[in-house]
Amino acid sequence: MSNLYELSHVVKTYSKGRGEKITALSDVNLVIQSGEHIAIQGPTGGGKSTLLQMLGALDRPTSGEVIFDGDDLAKKSDGSLSSVRAKSIGFVFQNYNLVPTLSALENVEASLAPLGMSKKTRESSALEVLNAVGLSERIHHLPAELSGGQQQRVAIARAMVKKPRVILADEPTGNLDEATRDEIMDLLEKLRVDEGITLIIVTHDTSVAKRVQRRLKIHNGVVTEVK
Amino acid sequence: MGLALGVALVLTVSAVSNGVQKSQSQVLQSLYGVGTDISVTKVVTPDAGGDGQNNGRRFNIGGGAGQVDANGNRVFARSRLILMPGTETFDVASVTAAKNISGVDGVTTSLKLTSLTFNGQLPDFANNGQSSSSSTPGMSLPPIAAPSGTDVVTPNSIPSGGRKGNGGGGFGSNFSIDTFSVMGVDLSVSGVGPLSSTTLTSGRVFTQADSGTQVAVLDSTYATSKTLAINGTVSIGGKDFKIVGILASSTSEAETASNVYIPLDQAQSLSTNPDVVSNIYVKAKSSSGINQIATDLKAALPDATVSTTADLASTISGSLSTASNLIDNLGRWLSIIALTIAFLIAILFTTSGVTRRTREFGTLKALGWKSRHIVRQVAAESVVHGVLGGLIGVSLGFASVKVFNAFAPTVQASTSPFAAAGGGFAGRGGGGPFGGGGGRFASALGSTVNIALKASATPGIIASAIALALLGGILAGVFGGLRAARLRPAEALRSVA
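Sequence order for the protein chains is A and B.
Heads up: the first sequence begins at 0 in numbering that gives the first Met the number 0, then just goes up one per residue.
Heads up: the second sequence begins at 0 in numbering that gives the first Met the number 0, then just goes up one per residue.
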C-alpha cells in the first residue's frame, strides 16, 4: 500500500489574544497508508478536531508538512485546497451538517457541484449512492423529515458520492443509539472495503474504536499509537 | 419584507406623482390644446382702476338711435364684437416670423374676442336735456355720458364667459348686457391649437371650406345653457351664424377654451381687426428643440409673451401645485429614505442570514465549494428574495394606489396669465359684467380647474419598482456573499461545534 498521508513535525498554534498562544498540535509525525481504517481517540481539547482539519485540508499547519497524495497541503492556496477537498476528501460530521432546505438527493448532489458535472450526471450518481445506503425511498425528504440514522446515511452518501481517497468522520455515531450506531459503522466499513477508501474516524466511543485496524491517541497535541 | 415595503412606498409615491403630472398636463391641455408646445401672446398692462377709458368696451349710441317708448325712454339693441380685454394682437408679419423659425413643425392662430350685446332702455336724454354725468354712489350702473346728443354706455368689466348682466335702473334706465367669448380659429392647420383638446359631441368640426362663411361651433356647456342646437343660429356682432357643431372638452375641464368658435376671417372682419390674431400656437418638430424655438421666438417677437409647456406649468397654483410640490419634495425624500432603509434592511437580513447559516456554508466549503460558488449561491438567493420583495411590493403598492384612488382627493389648479413666467392663455373668465376694479383683468383671464387626483402606476413605474427591488437584492447578495466567502471552513465548523 502507498502512503496517503505523511505528516512531518506538524505544529498548529492558535492565538488567544494578548500574545497568548494555544498549541493544538505539537510536532506530530504520522504516516497513513491508503485503505487504512484508523480511529483517533483522546480527551476533549486534546487536538483531535485540529488533526482532522489538517488531514481534511480545511486548515494549514503553523509549521511542518502535511503531504497528501504526494502534495504538501501546507503550501497550497485556498482554491487548491478546495479542489483537493472537492475531489479527494469526504467528511462525515457528528451533527450530520446537512443543508436543511435541500432534500436528501440535493444534499448528496451538492457534493458534486464543485466538480463541474452536469445536473443529470450528478443526479444519477447521487441516486446510486443513496440506493447503496438504503435511502432510495427517502430521496425527496428534507433532513428534518428523516431520523438521525437516516440523516447520517445521507451524510455518508454525500461523502461517498465523489469516490474520495479518504473519508474523515468526526464522531459519526455520537448522536445515535447503539443499534443505529452499529448500522452506520457496518455501512462505513462495507463502503470502505468495497471502494478501497481510507477511513479515519475521530471517536470517544471505545466500542467503535475497537472495530478499526489502527488506533491513535492524541493528548495535549501529541499523537501516540495505541497498541 | 423591508424591501417589499420600500418598493411599495416608492411605487405609491411615483404613481401619485405621475397622477399629479397627468393632472397638470390636463390643465395645460385644457388651456391651450394637445400638441401645442409653445404659445405666444401679447398682454396689455392692466388698468389701474375702472376708469372706463377703453373705448373698445363702449357702446356709442347716437342720440337719434332706437325707438322712444310711451314713457319717453329710448329703447336700444346693440351688439358688438370686441377684442378680449387684456389682449393685444399680432400682425401677419409676426405670424410669418414664427413660422419661419427653425424647428417649428406647425403654427396656428386664433383671435380671442368678446361678444357684447346691449338690450334695454335709457332715458331720452336728447329730448329731455337730463344730464347723467354724475352717478349715484353705490349704483352698479357704469357711467353714462351724453355729450352733444350722444349716449355712451361703458360696462366696467367684460367677462369672457357667457354671462348676462342685468342693468340697473338709475335715471329710469332698464337694460341688460349679454356677453360671451368668441374665438376665431385658423382653419388651415389642424392638430394644434385650442380645438385640439376638444371632442365633437354633435354636428361637425370646421373644414377649410368654412372660411368666409358665417358658421359657428359651440361649447356644449354654453350651448346647453343657452338652449342652442345644431342648425340653429347664434348672433355674433349683430350677424347670425349657423351652428354646425357642438364641442366638449376632451380633458377633465367642464368647458372648452371659448363659448363660441368661428372662422378666423369672420372674427377678424366682424371685430374690425383685419389680419391680426391674439394667439399664436407653435408645435415643435422635436421636444428637445422647444427651448431653442422659444428663445428664437422671443428674439423675433420681443413684445410677445412666449410660454412653453414648462413655463405654463410653473404658473399653475392652487392645491394641485401644492400636491405637486409635496410629491416633489416630501414624496421624493420619503421614497429615498424608505428605499435606503429597505436596502439596508435587505443587506442586514442577508448578512445576518449568512451568520445564521455558518454551519451550512462551512459544510459546503468542506465539500470543496470555492468562495465564488458560495457568493453565487448567496447572490442568487438574494436576487430571488429581491424579486419576491419586488412582486410583494408592487402588489402592496397597487393596493395603496387603489386605496388612494378610492378617496381621489380633488385638487384645484389655478393659472395666472400675468405670472412672471408669462402666461397669456386666456381661459374662461369670472366676474359679472360689472365686476370692476383694478384686478379685473386677472379675474377675467385666470383659470381655475378642479381635478380629481388619481394615482397612476404606469408599466414604467412598475418596471422601475421591480428593478429597484432587484438592485436591493443584488446589493444584499454582494454584501452577504462576500461575508460568506470570507468564512474559513475550519473556523466555520469549529465555531458551530
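Hints listed in this document are in silico derivations from the structure and should not be mistaken for laboratory results.
Everything numeric in this text was worked out from a predicted model, so none of it was measured.
The C-beta atom is built at its ideal place from N, Cα and C for all residues, glycine as well.
Please note that the accuracy of each hint is not assured.
DSS-like mimics (lysine-lysine), calculated; alpha carbons at most 25 Å apart, straight line [said to hold, decoys possible]: (1) K74/A - K369/B; (2) K401/B - K98/B; (3) K162/A - K225/B; (4) K226/A - K86/A; (5) K162/A - K118/A; (6) K86/A - K118/A; (7) K75/A - K225/B; (8) K86/A - K74/A; (9) K401/B - K453/B; (10) K238/B - K98/B; (11) K226/A - K216/A; (12) K297/B - K86/A; (13) K284/B - K119/A; (14) K21/B - K297/B; (15) K225/B - K241/B; (16) K209/A - K75/A; (17) K118/A - K369/B; (18) K209/A - K189/A.
Which bits of chain A does chain B cover? Going by a derived footprint, with three or more residues having C-beta under 8 Å, they are [what the hints assert, rightly or not]: (19) 45-59; (20) 183-191; (21) 208-215.
Structure-based check of each hint:
| no. | hint | result |
| --- | --- | --- |
| 1 | K74/A - K369/B | 18 Å, holds |
| 2 | K401/B - K98/B | 46 Å, violated |
| 3 | K162/A - K225/B | 97 Å, violated |
| 4 | K226/A - K86/A | 33 Å, violated |
| 5 | K162/A - K118/A | 17 Å, holds |
| 6 | K86/A - K118/A | 17 Å, holds |
| 7 | K75/A - K225/B | 97 Å, violated |
| 8 | K86/A - K74/A | 18 Å, holds |
| 9 | K401/B - K453/B | 9 Å, holds |
| 10 | K238/B - K98/B | 32 Å, violated |
| 11 | K226/A - K216/A | 10 Å, holds |
| 12 | K297/B - K86/A | 78 Å, violated |
| 13 | K284/B - K119/A | 59 Å, violated |
| 14 | K21/B - K297/B | 28 Å, violated |
| 15 | K225/B - K241/B | 15 Å, holds |
| 16 | K209/A - K75/A | 35 Å, violated |
| 17 | K118/A - K369/B | 18 Å, holds |
| 18 | K209/A - K189/A | 16 Å, holds |
| 19 | 45-59 | holds (count 5) |
| 20 | 183-191 | violated (count 0) |
| 21 | 208-215 | violated (count 0) |
Of the numbered hints listed earlier, those contradicted by the structure are 2, 3, 4, 7, 10, 12, 13, 14, 16, 20 and 21.
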